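Colleague: Sequence:
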Amino acid sequence: MVFQYGDVILAHGDNLYSDAIQGFTGSFFTHAAMCVEEGKIIEMLYDGFHYKDNSFIGGNRAFMVIRHKCLYLSPQPAVQNVLIRMKKYVAILQQNPPKYDYFEIVRQAVKLLKKKGQHLFRDGEDYYSLSELMEAGRRLICSALIDSVYEKAGIDLFPGQEPFSTTPADIAALAAGANPTFFVITRYLPRS
Numbered sequence: 001m002v003f004q005y006g007d008v009i010l011a012h013g014d015n016l017y018s019d020a021i022q023g024f025t026g027s028f029f030t031h032a033a034m035c036v037e038e039g040k041i042i043e044m045l046y047d048g049f050h051y052k053d054n055s056f057i058g059g060n061r062a063f064m065v066i067r068h069k070c071l072y073l074s075p076q077p078a079v080q081n082v083l084i085r086m087k088k089y090v091a092i093l094q095q096n097p098p099k100y101d102y103f104e105i106v107r108q109a110v111k112l113l114k115k116k117g118q119h120l121f122r123d124g125e126d127y128y129s130l131s132e133l134m135e136a137g138r139r140l141i142c143s144a145l146i147d148s149v150y151e152k153a154g155i156d157l158f159p160g161q162e163p164f165s166t167t168p169a170d171i172a173a174l175a176a177g178a179n180p181t182f183f184v185i186t187r188y189l190p191r192s
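In this note's numbering, the protein residues as written are 1 to 192.
Calculated directly from the structure, the hints in this document are not laboratory data.
Cut-off 35 Å, straight-line C-alpha distance, at most; resulting in silico cross-link-like pairs (DSBU-like, lysine-lysine):
| no. | residue 1 | residue 2 |
| --- | --- | --- |
| 1 | K40 | K87 |
| 2 | K40 | K88 |
| 3 | K99 | K152 |
| 4 | K99 | K69 |
| 5 | K69 | K88 |
| 6 | K40 | K152 |
| 7 | K87 | K99 |
| 8 | K87 | K69 |
| 9 | K88 | K99 |
| 10 | K69 | K152 |
| 11 | K88 | K152 |
| 12 | K40 | K99 |
Simulated DEER-style distance windows between Cβ atoms:
| no. | residue 1 | residue 2 | range |
| --- | --- | --- | --- |
| 13 | I92 | E38 | 19 to 27 Å |
| 14 | Q76 | G48 | 31 to 39 Å |
| 15 | F28 | K88 | 26 to 34 Å |
Computed from a predicted model, the values in this text were never measured in an experiment. Using N, Cα and C, we set each Cβ at its ideal position, and we do this for glycine too.
Can you make the complete structure from the sequences, with help from the hints?
Modeller: The following block contains the structure:
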């Protein structure tokens with residue numbers, strides 16, 4: 001399978017950490033990566049930014065690949081301009097690799113619990129103040145990496161929302177519905 005620069009891979013995890021993300025977000029997809037040069041991807045893992053071979057192809061994780069409608073339907077010069085901006089930003093990330101944002105994971109979990117009407121209390125007070133968690137550091141999680149690359153290329157996937165707050169479930173939702181922002185290119189389910 002050959003994918004183009006900017007295609008997004010949404011993967012289903014197979015570990016306890018992924019199970020927790022799936023439980024909080026309600027999404028089958030718990031990880032996001034982006035296709036870059038042929039056979040290469042960028043992704044955020046627990047130890048930071050990676051530019052590496054695409055390990056999803058031929059792997060044992062379920063995934064789908066989606067392509068933004070701008071990269072699918074736009075005239076060629078418009079696509080080339082977006083890709084040039086993406087490549088410039090990815091080069092900056094390679095030179096200055098971001099660290100993984102564990103605080104964002106906790107902040108998202110607290111936010112989702114509160115949305116569901118659940119709270120984390122200790123002696124009548126929240127364990128974490130949302131404002132404290134938001135200011136804890138501006139690092140990236142996997143889906144925030146994708147959102148920030150698109151934003152730097154001039155495509156705001158979530159207007160009014162910072163890329164740091166984007167989850168794999170948010171990106172997956174952009175490939176659903178009657179007027180999707182992303183088109184599904186392929187789905188892969190490993191054989192049991």
